[in-house]
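J.: Sequence:
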Amino acid sequence: MGASPVRDAYHAPGMETDATARILAAIRAIPPGRVAGYGEVARRAGLPGRARMVARLLSGNGDRDLPWHRVLRSDGRIAFPPDSPEFAEQSQRLRAEGVRVENGRVRGQAAAATLDEQVWGFGG
DNA sequence: ACCTTGACAGCGA
DNA sequence: TTCGCTGCCAAGG
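Under the numbering used here, read the first sequence as residues 4 to 127, first letter to last.
Hint data in this document are derived by calculation from the structure and do not stem from the laboratory.
Label pairs and their calculated CB-CB ranges:
1) 32 x 95: 20 to 26 Å
2) 21 x 85: 34 to 40 Å
3) 96 x 59: 16 to 22 Å
4) 64 x 108: 21 to 27 Å
5) 86 x 20: 32 to 38 Å
From the three backbone atoms N, C-alpha and C, an ideal C-beta is built for every residue, glycine too.
Based on the provided sequences and hints, a complete structural model is requested.
T.: The following block contains the structure:
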């Protein structure tokens, strides 16, 4: 066996890096009807400051089971252009879960996800 | 090794 | 609230 299991796993070809795996886990941890910001997901994954890494990961996802639609910008807005098909799909998926989406923006959760949300919400 | 990109975040005006 | 700029970090050319 390798002297460093962690390092071996990290080097395994075709396998996601530890960071990637944790980001995916953080996204899957968002319950239906709830949303989270990219930066928030990164923090929950133990990767503060890596919001863009989360975005990059999602841009090349392909995993249909991943609740990507629950990930929004820190201001509660959908990250896709308003005229894009992805924007429409994300809005629809969120509404299907009871999330109120107005003009591409989610109110009462992400942006304002406030202290109560962070402390007593799904992450805690 | 350098420069550009990107489903971003935070802050000031 | 919207707009603009700066900071960040990983990936790709």
